[in-house]
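S.K.: Kindly generate the complete structure, drawing on both the sequences and the hints.
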Amino acid sequence: MSESLVVLRYLNAEQRVSLLDDLIEQDNFSALVGVIDAHEQLTGSHVEALFEKVVSKVDNEVQEIDLQNAHRDVGCEHLSEDMDIFAKIVVSVPDLWVKIERKISVMLDNYIRCNMGRCFSEAMKKVYESECSIAEHDMEQEETSTVITYLAFLELLFLKQESLQTLELVALDKILIVLQACNIENIATSCSRLMRWTHQSVVSQSLKSQSFDLFLWHVITLMNLEKDEIDWKQRVCLSLLLRILSNEANLNVLRTSFIPALMNAHFFNVIGCECPYGDKLSEFIKSIILASNIKSEIISSILELLIDQGTSFDPARIYVTYGILNCLNTQVPKSLQSKHFRLIRRLFEFECEEEVFETTLQHILLRLLLHGNNSISAAELVQSVVAHIKCQRGDFKYVKPLVEDFREHCVINFNPILVDEQLSPSLGVDSVFDAVAVTLFDISGPRTDINVIKQLIKLDNLQPEDNSIISTELVRLLDAKELNEYPKDCDILTRAKTINQGIWSNLNVQSLYVSLRENFEPEKFKFFVALYQNMINYGTIVVDFAFTDICDIYESIKKFNTAKKTDSDYKMKDSLYDTYFKLLFVYLKTTPLRQERNDIINILNILESNVNTDNGYYLGNLGAVSICQTLTSTYLIPIANKLHDEQVVIGKHIITILSTIWDNISGERLILKERDLHLAFIDTLFHPHILLLVTTDSEYETKISKIGLDIISKAYSRRSLLPHLGKRINEFFMSYNSLLLKCEWMIAIMVNAFKTVQMGENVFKLKPVISKFYENHVSAFFGLQQSLYYQVYGDDEHSCRVHIISAILFCNNTTKNAIVKYIVTQTKALVPVKRTDGVEGLERLLLWQLILLCVVTSDAKSIEWSIFEQMLSSIEDESSPLVRICKEWSIAHVLAHQESEKLTKQANYLFSHFDDHSKPILVVTVEKIIYITLKAMVFDIKNEYFSTLQDRFVALLVANCTSNKPLVRHFSNSLILSFWPKFKEVLQDSSLKLILQKLYENSKEAQIVGQYRTGDANVWDLVDDCTLTGLFGGVLMKCIDHEVPYLSKSDFEKYIPQSTDLPIPIGIDENDKWLSKRESKNVSNPNVTSPNALSDSLQTKSGAWETVLDIDQKRSNSMIKRSELIVVSSLVDKPPNLGGICRLCDVLGVGLLTVQDLRVKNHPQFKNVAVTADKWMPMEEVPIDEISKFMKEKKKEGYTLIGLEQTDKSIKLDNNFKFPSKSLILLGTEAHGIPGHLLNELDLCLEIKQHGVIRSMNIQTATAVIVHSYSAQIL
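Residue numbers for the sequence shown follow the numbering used here, beginning at 13 and rising by one.
Careful, some of the hints might be misleading.
Okay, the calculated beta carbon distance ranges per label pair [unchecked claim]: (1) Lys-576 - Pro-499: 17 to 27 angstroms; (2) Ser-308 - Leu-226: 28 to 38 angstroms; (3) Pro-499 - Thr-323: 33 to 43 angstroms; (4) Ile-283 - Pro-499: 29 to 39 angstroms; (5) Pro-1075 - Arg-681: 32 to 42 angstroms; (6) Arg-114 - Leu-430: 50 to 60 angstroms.
Since the hints were derived computationally from the structure, they do not count as laboratory data.
Glycine residues also receive a C-beta, built at the ideal position from the N, C-alpha and C atoms.
M.R.: Next comes the structure, spelled out in C-alpha cells:
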C-alpha cells in the first residue's frame, strides 16, 4: 500500500482538502500524483490552482527551449523531466484536461489569426475562418516558440493518456488538421506527429458528421494541391491522408482506390539501374502497416488487393508484396495468421509472364510463409508450400533455394511432438505433401513410398539409404514383361544423384528395349531414353543401336500417335517427339554417321517431316533445332575455308528446315516462354558454317537476310535475341573476315542490329532492375557469380553492339568502306526523316558511331570520295548536336589523313561557310572541323598544305572573335584557349602571334573555371580520344549533357578477348570529365528518411509515417483546371522548341496541345526542356497533312481559329483584343511561318506588338505571350 493511501485512510474530508492545498502551494507535485492516484477527487479551486501552475511551468519551458533549440524541430523528448509529472497530473484530472485543451486551442487560434498570411494560402485561410476560428475570446499575440512548446506538451499528454475516448476534442482536432497545411515547417510537422494519437478520433468524427467529413477531405485536397516540390510538405500531406485511410473504416478505400492508383505502370520509371518509385512504394506499404493499430487487417486488405490485381502490372505487385515482407522482416516478424496463409495460397495461382518477375514474386510469397505466428500448424505450412508447387505444375525450382531457410524456421518455431500430431492425418494422401513434410520436418515414415522418393529427387533431398528403394524400383521397371502399364513419371528415378556408377553398370536395358519395340508406350519410352542418357554418361554399355533402329523408333512414334489420335492432345505428342530428339542427340554424340548411306540426309528428312507435318510444336521444334546445330558443328566443318558439294547440300537442307520453323513460330510476336527455341534457332541459323555457305552461294542470301532483319525487328520488345545474333556475327567475322568484301546482306544485318533502339516502356526497362532488386533483397544466396538476369536472359543487351564493334575492328578496308557506303546510301544517317523523332535521332547517332569506327580504323585515303562528299555536305542541315559531333569527328579524321589535292578542294568548301554568319551553328561546326584537322597535323609541319590551311584558319578565327553572332563569338574566343598553347610555336608571323596572345589573355580572364565553355570544352583530339570508350559515348558525354548510350571499359573487356590485338585501344572511363547534369539524375533523394534512423520508441511511434511519404510528388492531372484553349504546334519541328511549348502550355493550363508526331516526347532534346511536362499536358498527334481536317472539325465544335502570324490583315494583340473561350491557336514553322493554304482556313491572325529593330521572335517566346494573354483573360 502506497504512503499516500495510508495517509489518506486516516484523514477526514476537511484534512484531505487541506493536504491538497498544501501540496499545491508547496509545489510538491510528485506527492500530489500519488494522492491523485489514490482516487482523491480535486475541487474546482484545486483544478484552477493546478491550471495556473501548469501554464506557468510550460511558459517557463518556452524560455528554455527558445534558448536551446531555436532552430530545431521540438518534440516532447526535448521537454524537461518536471514536465513529465505535470503531464501525469493533467491526464489524471479530466477537468484539468479540458481547461488545458481549451487553453491550447485558444492559443493556437490567437497565433493563426495574428499570422494568417504567414501560415496559410488564401484557400486555406477561407477554410480556417469558416470552420475552425474560435471567435469568443480576446486576441493576443503568441510567439512561434510558445506554440511549438505547447504542441510538444500536448504530445507528451497524449503519450501519457491511456484512453482518449472520453475526451471531446473536436475544436482542437480541427485546428490541428488545418495546421498541418501551415507554411511554417516546425508547426506543421509537430501537428502531424500529434495525428498519431488523434487520427482515430478524427475518423470517428468523420463517420458521425458529414460536415466534419467534408471539412477533412477539403483540407486534404488543398494540401495535395499546395505541396509542390517541398519535401516536408509532401510528407505531412501524405501522412495525414494515409493515417485516415489506414483506419478500419477506410480499409475498403485503401484497397479499392488508393493503392491500386499507386500501382499504375507509368509511375515505375527507371533511372540508371534503379526504380526509385518502386522502392518508395515498398517503403510506403511497410509504413502503412507499422503505423496502423490494426496491422493484421491492413495486411489482409493488401493481400486481398493483390488478388484483385492478380493480372496487373507485375513489377507493381512485386514492390507491394515486398513491402509486406520488409515490414515483417524488420518490425513485426512471425505475425501472419491462417487467414493470411489462405490469401497467400491464392496469390500463388497468379503467374508473371517474364521469368525474372516470376522468380522474384514467387520467392517473396514463399518467404512470407516464414512469418506465421503460433497459430500456424505444421500441416498448414506444408500445405501452403504444396499449393505453390501445384501452381508451378509440380516444379520445385522456386522452393529448392529456400529449403534451408524453411528447415531452420521449422526447427526454431515448431514443437517436434506437436508436429507429428499435426502432420499424421495428412500423410499418405499426396506424395508432394509427404515429400515437403519429410524435407522440412525430417520425418522418416513416408520415405518408403516410391512416389514420395520421386518428389524427393526433384527436391534434391535424397539420403544414401534411399538408393536401395530406387535400385529395386529400377530393376522392377526393367522387367517389362511383369508390367501391364508403366507408372507415370518413372523417368524421374534416373535423375537421382545418389545413384553411383556401380548401380548403373548392373542394369540391363536390353529387355526393356525389346519390349519397347514390340509394344510402344509413352512412359516406357521416356523411361528408356532417360536410362540410355544416364548410362552413356557413366560409360556403361547399353543397347547397340543401328542407324535403322533410330529411324524405326521414329516410325513407331508416328504409328502410336495415329492410332491414339494424339492430335487432340498436342502436348503429349510434342513431349514424345521431344524425347525422341533427346535420344537422337545422344546417339549423334556417340555414333558417327556414314555419308555413303546418306545417314545425315535421312535424319534431315525426319526433322523436315516433324516440322512440316508430324508435329511442329515447341518442344519438337526445339529438339529439331538442337539436332540441326549438332549436325552443323560436326559435319559442316570447312576445309581451307570452303565447303564441299555434299556439305553445301546438307547446309541448304538445314536452312530450309530452320526457315520453316521460323515461319511457324514468328507470326506477329514471339512467345516469351519459347525463348530457348528462339535463341537456339539464332545460334544455329547464324552459325559461322551456315553463314560461310551463304556468302559463297547467293541462293540463300535473301532468305537469311529476311529472317535476320525479322529477328532484329522483334528484338524491339524481346531480350536476348540481339546478344545471340551479335555474338554469332562476331564469331563469323573472326573466322572468315578475309572472305568478306562487299557482302551487303550481312552488312545490312550488322548495321540494323547495332542501331536498334529497344522499347522504352517501363515493363521492358524494369527487368534488369528487378533482377538487381531480387539479388539485394530477396535471394537466399547473396554474392552469386551469375545474376538472376544472366540466368534468365544471358548477356546484357548492349553486348550485341560490342560484338559487332569487335567484328568491324578486324574487317579489311574494303568491307569497312562498304559498311560506310551502306549507312550513307541506305539509311537515314545523313538527313533525318522527322527531326522530332527521338528514336530516329538515337538510331542516327548509333549509325554515325559505326561510320566513325570504320573511318578511324581504316585507311582514310581508301574511302570512296563521292560518299565522303555526301557526308561533308550533310553538315549544312544537321539538327542533332550529338550526330553533328560524330560528323565533325569523321570528317576531320579523313581530312587530316588526306592527300593535299583532295584536302584543298574540301577545305575550300568548308571555308566557304566560315564567314557566312547567317548560320552560326554551321560556322561553329566548320571552325571545329578545321581546328581538329590542324590539331592532328600540327606535328606534321612538313605537310605542304599545313601552313596554308593554318593561315586561312587563323585569319578567319580572329575575325570570328568579333562576330555579331553570340554563338560564333563566344565559341571562337573560347577556342583561342586551346589554339594558342598548341600552335604558338609553329606560327611564323610575329604580329599575328601578338594578336592571338592578346586574345588568349582576354579569354583567360573571362574564363570561369570549372564551368562549361562553348569552345575548348567542345573539341577533342583525333589521336588521344581515338579509343573505343571515346568513340562510343565517352567524348559525347564530355561535350554534351544529353543522355547518350555509353559502352564502358568493362563492357569491352568483358566481351572482347583480352588476347586480341586491337587496332585502337579500349580506353578508360573518364567519368570525372562528364558533364554534371547527367550524374545528378542518379543521386538518391537525401530528404527520404530511413526507418532505421528512427531509434528510440517515441520516434518510432510518432515518425513511422514520415519515413517515405513523397511517392506522389506531382499534382494529379485530374485536379488541374484547364482551359478550352487548343494550341496546334504540328508545324513546329525542332524538339527543343516543342519541349518548351509543352512546358509552358502545361504551366498556363492549356486544354490540348497537338504535335506532328507523339514520339517527339522520347527525344532527348525535347525531354531536356519539357522535363516531365509531357506526363501532365494533354497531347494529341496531328500530322501536318491533317491539320486542315483537324481545324475544320474544331470549327464545327464552335472554336475560333486563330493564327500567330504577321500578315497585312493581322490584328494587334493588345488589351483591346478579347479571346473567345473556345480558341484554337495555330503556330507556324520556325523559318517560314504558316503556309498559305492554312492561312485561308483561319478566322483571324494575331501579331504581337513589337518596338525593337528585330522583326521576329523565337516561337517559344511568341507562344508564351499569346497563351498567357488568353489565360489571363479566361482562367
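S.K.: Please go over all the hints and tell whether each is borne out by the structure.
M.R.: Against the structure, the hints:
At about 19 angstroms, the CB distance of Lys-576 to Pro-499 agrees with the hint of 17 to 27 angstroms. Checked against the hint of 28 to 38 angstroms, the pair Ser-308 and Leu-226 passes, with Cβ atoms roughly 31 angstroms apart. The hint said 33 to 43 angstroms for the Cβ distance between Pro-499 and Thr-323, and at roughly 37 angstroms that hint holds. The hint said 29 to 39 angstroms for the Cβ distance between Ile-283 and Pro-499, and at roughly 54 angstroms that hint is violated.
Between Pro-1075 and Arg-681 the C-beta distance comes to about 40 angstroms, which sits within the given range of 32 to 42 angstroms. For the pair Arg-114 and Leu-430, the supplied restraint of 50 to 60 angstroms holds, since their beta-carbon distance comes to about 57 angstroms.
Against the hints set out earlier in the document, a violation occurs for number 4 only.
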